[in-house]
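So the protein sequences, as listed, match chains A and B.
Under this note's numbering, think of the first position of the first sequence as 1, with each following residue one higher.
Under this note's numbering, think of the first position of the second sequence as 1001, with each following residue one higher.
Hints may be right or wrong, so weigh each one.
As the list claims (entries may be wrong) - Among the chain B residues that face chain A by a calculated CB cut under 10 Å, a handful are: (1) 1010; (2) 1018; (3) 1047; (4) 1074; (5) 1105; (6) 1137; (7) 1140; (8) 1267; (9) 1271.
To be verified - In silico DSBU-like cross-links for lysine-lysine, where the CA-CA straight-line distance does not exceed 35 Å: (10) A:10 <-> B:1017; (11) B:1006 <-> A:87; (12) A:72 <-> B:1047; (13) A:26 <-> B:1211; (14) B:1017 <-> A:105; (15) B:1211 <-> A:89; (16) A:18 <-> B:1211; (17) A:28 <-> B:1211; (18) A:14 <-> B:1211; (19) B:1017 <-> A:64; (20) B:1006 <-> A:105; (21) A:64 <-> B:1211; (22) B:1273 <-> A:117; (23) A:87 <-> B:1273.
Derived from the structure by calculation, the hints contain no laboratory data.
Glycine included, every Cβ here is placed at the ideal spot set by N, Cα and C.
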Amino acid sequence: MIEVKDVTKKFGRKTVLKGVNFTAEKGKITCLIGINGVGKTTVMKAIMNLTPIDGGEILINGEKIHKGSYEKITFIPDTITMLPQMKIKEAFTFMADFYDSWNQKRAEELLEFFRLKETDRISELSKGNTAKVNLILGLALDVDYVLMDEPFSGIDIFSREQIAEVFTSHLIEDRGVIITTHEINDIEHLIDKAVLLDNGVVLKEFDTEEMRENEGKSVIDVMREVYRG
Amino acid sequence: MNRFLKLVNFEFTRFWKLYLVLIGVTILFQVVGIIVESQMYLSRANKAIYEELVSVSDFISQYGKMSFYQFASTGWFIGTMMFCAATLLIYVFFIWYRDWFGKNTFSYRLLVLPTARLNIYLAKATTILLFVLGLLAVQLVLLPVESKVLQWLVPDEFRHDLSIEEMTNLYYLELLYPSAFIDFILYYGTGMAAVCVVFTAILFERSYRLKGIFMGIFYVAASLFIVIAPLLVNEFLLDNYFFENELFYMVIGAGLLVWAAAIWLGNYLLNRKIRV
Chain A
1 MIEVKDVTKK
11 FGRKTVLKGV
21 NFTAEKGKIT
31 CLIGINGVGK
41 TTVMKAIMNL
51 TPIDGGEILI
61 NGEKIHKGSY
71 EKITFIPDTI
81 TMLPQMKIKE
91 AFTFMADFYD
101 SWNQKRAEEL
111 LEFFRLKETD
121 RISELSKGNT
131 AKVNLILGLA
141 LDVDYVLMDE
151 PFSGIDIFSR
161 EQIAEVFTSH
171 LIEDRGVIIT
181 THEINDIEHL
191 IDKAVLLDNG
201 VVLKEFDTEE
211 MRENEGKSVI
221 DVMREVYRG
Chain B
1001 MNRFLKLVNF
1011 EFTRFWKLYL
1021 VLIGVTILFQ
1031 VVGIIVESQM
1041 YLSRANKAIY
1051 EELVSVSDFI
1061 SQYGKMSFYQ
1071 FASTGWFIGT
1081 MMFCAATLLI
1091 YVFFIWYRDW
1101 FGKNTFSYRL
1111 LVLPTARLNI
1121 YLAKATTILL
1131 FVLGLLAVQL
1141 VLLPVESKVL
1151 QWLVPDEFRH
1161 DLSIEEMTNL
1171 YYLELLYPSA
1181 FIDFILYYGT
1191 GMAAVCVVFT
1201 AILFERSYRL
1211 KGIFMGIFYV
1221 AASLFIVIAP
1231 LLVNEFLLDN
1241 YFFENELFYM
1251 VIGAGLLVWA
1261 AAIWLGNYLL
1271 NRKIRV
C-alpha cells in the first residue's frame, strides 16, 4: 500500500500541499483529480522522492522510499524520460541494464499493441506515440505500483483509446495504480478510488463503486458537488 | 557489471561523439600547426640565407633552431589545449544541466534508477576524469608524432630534437605531465576535488533554484577558503610559525576535507533536496 500521510510542501512562500492524506492499494486504480495547479504532480513527485516534502510522511509497503523501492514502483510522467536521440530498442536496453524488474517480453508485447517499432527514434515520434513509449517503459517493469501523471494530456483520441485499453488489460491487473488527470471522462469507468484535490488539500476521498451503488453518483457528479459547491 | 560502471559507461557514451571531434580537432590543428610553423621557419631561413646571404650559423644564432619548444608556445598548440580544457570545463556543468533542460527530462529516469543516487554523482565525476586522462593520453601520443613530423620537414642543422621527457618538462606541460607520481596524484586530485565542489554547487542550484545559486557561490567560496585557511592563519595570525612542509600537509588535509564534504553534501542534496 502507498500511504501519503499529512504531507505538506511549500514552493517559496506558497504552500502547495497542506496536509495531504490518502492511500492507494495494490490491485486498485486510484485517481487524483483536480484542476491544473492543485498539486497533483507534486504529490506524484513526492511519492517518488523527486521533490522533497516539508512535512508528513510517505510510505510504500510500510517503508520510506529507498533505492530498492524503484524496482517496486514506477513513475510515468507526462514527458519522455529517455534521451530523445535513442531508438526504442536502445531505451529497452537501458532499462534492461538497470532494472532487474524489466520484463522484455512484456515490453515487446506492448510495442506490438501500440504498433510501434523497435527501430523508431524517440525524437521522431508524435506526441501520442511518445506518450505510448513512456507508458511502455513504465509498464514493462514488473512493479507493484504504477504512477501515471496526465497520461492523456495533449494526445489524439485514438491514442487515448489505446492507452485507456491498457487499463482494462492484464498489464494493469494486480498492480496498484495512481493516476492524475483533469480529464476524467476517459477513465471514469475504470477507476476504483477517487481523491479530489483542491488548493493543496484533499476535499474528498471515495470508493467509486460504493458511490455509484449507495448514492447513485458518478465521479463527475461528485466532482460537480465538491468543486462547484 | 555493477550499476556504477554501467552509469559511467552510459555517461561516457553520451559524450563520445563530441569527444572524438575534440580529439580530431586536437590532432588536426597540432599536426597542421607543426607543418605550418616548420614551413614558416624554413622559408624565413631560405630568405635569410639565399636572398640576404646570411650564413647558417648567423641565422641560427639570431633565430635559434626549430624545435618543439618553439612550437609549444604557438597558438596551434596552446590554442588546442585551451579549447579542450574549455570544452571539458563547460561539460562539467553540461553533464548535469542537460538532464534537466531541453526536450528531454532524463533526470526523471536518472533519479529513479534502483541504485544509490551517489552513484550518479560519482559516475559523472569519473566520466570527467576519464575524458581528461584520455585527452592527456592523446596528447602524449601526439608529442612523438609531432617530433617526427618536425624531423621530416626541417633539416638536421636547423633542428633541435627533444626527448619526450624534455617535451613534457616544458612550460605548462610540466603541470599536465608531472614527472613524479605523487605530483600526478596531487595535481589531478586537486582537479577532481574542484570538479566535485562545482558538482555540489550545481546540486545546490538544482535543489534550491534561485536561492541555490547564492548558496552554491557561497559554498564554493567557503570551500576555497577552507583550503587556503592554513596559509592565511600562518601568514596573518601566527607570524609564519609553521615550516613549509607542515603547511603543505595542512593544505592537503584541508583539501581532502573539502573533497569529502563535497561528496557528502552532494549525496545529501541528491537524496533529500533535489527537485525535478
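Evaluated hints:
{"no.": "1", "hint": "1010", "in the structure": "7 Å, holds"}
{"no.": "2", "hint": "1018", "in the structure": "12 Å, violated"}
{"no.": "3", "hint": "1047", "in the structure": "53 Å, violated"}
{"no.": "4", "hint": "1074", "in the structure": "37 Å, violated"}
{"no.": "5", "hint": "1105", "in the structure": "5 Å, holds"}
{"no.": "6", "hint": "1137", "in the structure": "27 Å, violated"}
{"no.": "7", "hint": "1140", "in the structure": "32 Å, violated"}
{"no.": "8", "hint": "1267", "in the structure": "12 Å, violated"}
{"no.": "9", "hint": "1271", "in the structure": "8 Å, holds"}
{"no.": "10", "hint": "A:10 <-> B:1017", "in the structure": "42 Å, violated"}
{"no.": "11", "hint": "B:1006 <-> A:87", "in the structure": "19 Å, holds"}
{"no.": "12", "hint": "A:72 <-> B:1047", "in the structure": "78 Å, violated"}
{"no.": "13", "hint": "A:26 <-> B:1211", "in the structure": "39 Å, violated"}
{"no.": "14", "hint": "B:1017 <-> A:105", "in the structure": "32 Å, holds"}
{"no.": "15", "hint": "B:1211 <-> A:89", "in the structure": "40 Å, violated"}
{"no.": "16", "hint": "A:18 <-> B:1211", "in the structure": "23 Å, holds"}
{"no.": "17", "hint": "A:28 <-> B:1211", "in the structure": "41 Å, violated"}
{"no.": "18", "hint": "A:14 <-> B:1211", "in the structure": "15 Å, holds"}
{"no.": "19", "hint": "B:1017 <-> A:64", "in the structure": "40 Å, violated"}
{"no.": "20", "hint": "B:1006 <-> A:105", "in the structure": "22 Å, holds"}
{"no.": "21", "hint": "A:64 <-> B:1211", "in the structure": "28 Å, holds"}
{"no.": "22", "hint": "B:1273 <-> A:117", "in the structure": "38 Å, violated"}
{"no.": "23", "hint": "A:87 <-> B:1273", "in the structure": "32 Å, holds"}
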